[in-house]
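*Asks:* Each chain is listed here by its residues.
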Amino acid sequence: MATKLPPVDVVTVGLGWTGSMVAESMTAAGLRVVSIERGPWRDTATDFPPSYSPDELRYAVRLDLFVRTAQAPITVRNNAHQTALPVRQWGAFLLPNGVGGAGVHWNAETWRFSSTDFVLKTHLTQRYGKNFLPEDMTLQDWGVTYDELEPHYDQFEYLCGTSGTAGNLRGEIQPFGNPFEGPRSRPYPTPAQKQPYGPVLWAEAAKELGYQPFPQPSGNLSQAYTNPDGVTIGPCTYCGFCERFGCGNYSKASPQTTILPSLMRRSNFEARTECEVTRINLDSKGSRATGVTYVDSQGREWEQPAEMVFLCAFQLFNVQLLLLSGIGQPYDPRAGKGVIGRNYSYQTTSFVHGFFDDKIFNTFIGSGAIGMCIDDYNADNFDHGPYGFVGGGYIGMVQTGARPIEVTPVPPGTPQWGSAWKEAVKDNYLSTIIPACHGSCYSYRDCYLDLDPTYKDRFGRPVLRMTFDFHKNELQMSQFLTDKLATIVHQMGAREVVKLPRTGPFSISLYQTTHTCGGAIMGTDPTTSALNRYLQSWDVHNLFVMGATAFPQNAGYNPTGTVAALTYWSLEAIHRQYLKSPGPLVHA
Amino acid sequence: MKMKTATPVDSSPPAKADLGPALSITRRGALLASTALFLAAPAAQAEILSGGSGLPWRPFAGDPPEEVKPGPWLFFTPQEAAAVEALVDRLIPADSETPGGKDCGCAVFIDRQLAGPYGNASGLYMSGPFLSPTPEQRTVEPGLQHGYTPAEVYRHSLAALDSHCRATYGGLSFAKLPDSTKDSVVSGLETGSLALENTDTAVFFALLLQNTREGFFADPIYGGNRDMAAWKMIGFPGAHYDYRDWVERHNERYPHPPVSIGGP
Chain Z
1 MATKLPPVDV
11 VTVGLGWTGS
21 MVAESMTAAG
31 LRVVSIERGP
41 WRDTATDFPP
51 SYSPDELRYA
61 VRLDLFVRTA
71 QAPITVRNNA
81 HQTALPVRQW
91 GAFLLPNGVG
101 GAGVHWNAET
111 WRFSSTDFVL
121 KTHLTQRYGK
131 NFLPEDMTLQ
141 DWGVTYDELE
151 PHYDQFEYLC
161 GTSGTAGNLR
171 GEIQPFGNPF
181 EGPRSRPYPT
191 PAQKQPYGPV
201 LWAEAAKELG
211 YQPFPQPSGN
221 LSQAYTNPDG
231 VTIGPCTYCG
241 FCERFGCGNY
251 SKASPQTTIL
261 PSLMRRSNFE
271 ARTECEVTRI
281 NLDSKGSRAT
291 GVTYVDSQGR
301 EWEQPAEMVF
311 LCAFQLFNVQ
321 LLLLSGIGQP
331 YDPRAGKGVI
341 GRNYSYQTTS
351 FVHGFFDDKI
361 FNTFIGSGAI
371 GMCIDDYNAD
381 NFDHGPYGFV
391 GGGYIGMVQT
401 GARPIEVTPV
411 PPGTPQWGSA
421 WKEAVKDNYL
431 STIIPACHGS
441 CYSYRDCYLD
451 LDPTYKDRFG
461 RPVLRMTFDF
471 HKNELQMSQF
481 LTDKLATIVH
491 QMGAREVVKL
501 PRTGPFSISL
511 YQTTHTCGGA
521 IMGTDPTTSA
531 LNRYLQSWDV
541 HNLFVMGATA
551 FPQNAGYNPT
561 GTVAALTYWS
571 LEAIHRQYLK
581 SPGPLVHA
Chain Y
1001 MKMKTATPVD
1011 SSPPAKADLG
1021 PALSITRRGA
1031 LLASTALFLA
1041 APAAQAEILS
1051 GGSGLPWRPF
1061 AGDPPEEVKP
1071 GPWLFFTPQE
1081 AAAVEALVDR
1091 LIPADSETPG
1101 GKDCGCAVFI
1111 DRQLAGPYGN
1121 ASGLYMSGPF
1131 LSPTPEQRTV
1141 EPGLQHGYTP
1151 AEVYRHSLAA
1161 LDSHCRATYG
1171 GLSFAKLPDS
1181 TKDSVVSGLE
1191 TGSLALENTD
1201 TAVFFALLLQ
1211 NTREGFFADP
1221 IYGGNRDMAA
1231 WKMIGFPGAH
1241 YDYRDWVERH
1251 NERYPHPPVS
1261 IGGP
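If you read the protein sequences in the order shown, they are chains Z and Y.
Following this note's numbering, the numbering of the first sequence begins with 1 at its first residue and continues without gaps.
Following this note's numbering, the numbering of the second sequence begins with 1001 at its first residue and continues without gaps.
With the rest of the complex left out, here is chain Z (with noise of 0.2 Å):
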């Protein structure tokens, strides 16, 4: 029997990066805002120091960092015929915990979006005709334009103090940068990170090819920044611990070196850690969320009103909340009927080997988000006409760390063990360069989560499934995008040139990004989307959700740029008119 609290003005399931956000935002208002995450509080002083954050058996192999699956379990399945079994311990993807979530230790590859990404549909269907798409892809417009999210994008850039180069500013296209970025309204907060010799080379390499390299937007800064709010973020100092690991120079942007410090200020503000929402809680006609029901680590349980409700905890289990909490219809993949659930979508990642005799690259040497790419290949920037696929991505020489449990590439054809394997090991880890692809991955009809009718978490309740498998679309991008890869580690001079192009079925041991997205996406539909193009809950009008949920697909970059910038464009949407007149901001 849950014990009601007193009434707040706003609660944020989740203390990660979008709920930070909410919270500083509702609580600079004026708002009485609580937060309730399911991990613990974390900060850099006390969870990753200098002096043992840099443990790679801990934080990288052990993964100590990330919701257990015991606390968080998933199931998994390629297809409807098959029977979804739980990720025991994560692999493909590894979920976040805690207060700060994923933005604790991502890799801060800070990218914006294309602007065909958001009126794909639409775009590439006059481009292309649309029997150029496969059937069973659902591609849809996102209900908001890049223009419309520039500002948001640029206000997540001066929070964090993004290191980068600017390609196209106000429609002049800037040397240096991305040629094919949309347009910037001012430069980037810092310079660019220094590049290790082996993107140098790359980029050297892609630009003969006649491609136009340009370094990664990086939230590992360059040089100590001072945000609008005044936090300072110290300077990266390449320790090659990046993705997977806290930070111990405050170098990394995330909640904790960005808004924490001054949220924590705030009297109206208070965080709930290691409380579990169970449910978000709705009035008798199911149109109002009255609050949230939680779970404290006694297994007491709690029930929090709130006048408004922002899910902000990670994307799947947004959708799994969704689902448990009866908002929103499930989709029925047979029917083709239902929102909560569909058009979930991935990453389609994949890498080349470059072996080199004569270089010594210190792969060692690395930060999350260093590293020279071309974006030639990415979103619609080039004439898909001749290859029969849809989609691209950022192909990019991106050096965060080689660290040796996780990394000693050895050429193919060298035993697993033994002194060969220690020769192979050892001659080539300093010599070898192991650049990417960033591929988009679209939605499709058969590719949903729901709710699984076996496996049950600790509270007894169905555990979130997940349907899906590579399409024939994606493999061939990515095919396509490895081959080009290839052709510049060759342009290179490398002695070996191994390619390794994602292929299916997809597998959830093997690492591939924790960009999983979609599953209650926005829109102008409610027969096609869970949101509107504020993330408001089509259902229910104080529901907010926040993250890459609403992505209707996902496109050739890292999502969490986008994801701020959705996250600030509902806030001014909230703001501006949600608070003086609560209620549906859209009517479809």
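Among the clues, some could well be false.
[Stated by the list, open to error] Here are the simulated lysine to aspartate or glutamate pairs, DMTMM-like style, with alpha carbons at most 20 Å apart: (1) Z/K426 with Y/E1097; (2) Z/K426 with Y/D1103; (3) Z/K194 with Y/D1242; (4) Z/K194 with Y/E1252; (5) Y/K1232 with Z/E423; (6) Z/K426 with Y/E1252; (7) Z/K194 with Y/D1245.
[What the hints assert, rightly or not] Covered stretches of chain Z (chain Y as the covering partner; in silico rule of three or more C-beta atoms under 8 Å from a C-beta of chain Y): (8) 86 to 94; (9) 259 to 266; (10) 475 to 485.
Quick caveat, the hints were computed from the structure, so don't treat them as lab data.
If you're wondering where the values come from, they're calculated on a predicted model, not measured in any experiment.
Built from N, CA and C at the ideal position, the CB exists for glycine as well.
Take the given structure of chain Z and dock chain Y to it, following the hints.
*Replies:* Quick look at chain Y alone, frame taken from chain Z:
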């Protein structure tokens, strides 16, 4: 280290969470009800952090790792330990580059890992049913999808290996075999050509190889990579954590010896 002035977390600290009985994962049983099992931090308890006084701070609130100490085996029996020492010595033989796996501490590493939360699959979802996975549904630690913790895989597989060797090689345990025979056995485990009774050798070999490499390349505080021999072999500087002066020194060998979290 300069201490900041302390700001208490909250004036009314919550009661300490009852961590419940010591964790025991039952392979085919239901999860224990205690919610504290699954939480990341050692002193996991619901916390209320009120804004208004800035970031919360408590002395000694960090969670540094515990350094493995030399001493008796915590998980392996003496026979199991002898087999594992011999196995890691074949996977990582002594040569001009490094000592063998045993002298690098790989068996000690594995012993300590299996005796701890990793060995117990602590925090992992180990509820049934355990159904046969497609290749794509196999887990990173391959025994888990079949309901076996790493500790159970080793215990069971080492016993089966021992039985096999004694039966096949005139009563000799694995550790007593000549090196070339050991290598044949290891290859057999690797390729699946060697069948052990009631044992998934592919699962065992994959786990053993993974753990041996972990022990070889992990920070020495975990018992392996003794004297940072593996890091010295490949030129990995360990926990150096600052390469600002080196990122733009292209094609230049980094000259400094590696450092461990436990010290240089």
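*Asks:* All hints are to be evaluated individually against the structure, with a verdict given for each.
*Replies:* Outcome of the hint check:
With a CA separation close to 9 Å, the supplied pair Z/K426 and Y/E1097 stays within the 20 Å bound. For a cut-off of 20 Å, the pair hint linking Z/K426 to Y/D1103 stands: about 19 Å separates their Cα positions. A hinted pair counts as satisfied when its Cα atoms are at most 20 Å apart, and Z/K194 with Y/D1242 qualifies at roughly 13 Å. For a cut-off of 20 Å, the pair hint linking Z/K194 to Y/E1252 stands: about 16 Å separates their Cα positions.
Taken as a hint, the Y/K1232 and Z/E423 pair is honoured in the structure, with Cα atoms around 13 Å apart against an allowance of 20 Å. For the hint linking Z/K426 to Y/E1252, the alpha-carbon distance of about 17 Å falls within 20 Å, and the restraint holds. Restraint check for Z/K194 and Y/D1245: satisfied, since their Cα atoms lie roughly 11 Å apart, inside the 20 Å limit. Beta-carbon proximity to chain Y at under 8 Å applies to 6 residues in the segment 86 to 94 of chain Z; the threshold of 3 is reached and the given coverage holds.
Coverage of the segment 259 to 266 of chain Z by chain Y holds. Counting CB-CB distances below 8 Å, 6 residues qualify, and the rule asks for three or more. Coverage of the segment 475 to 485 of chain Z by chain Y is violated [criterion: at least 3 residues with CB-CB distance below 8 Å; count 0].
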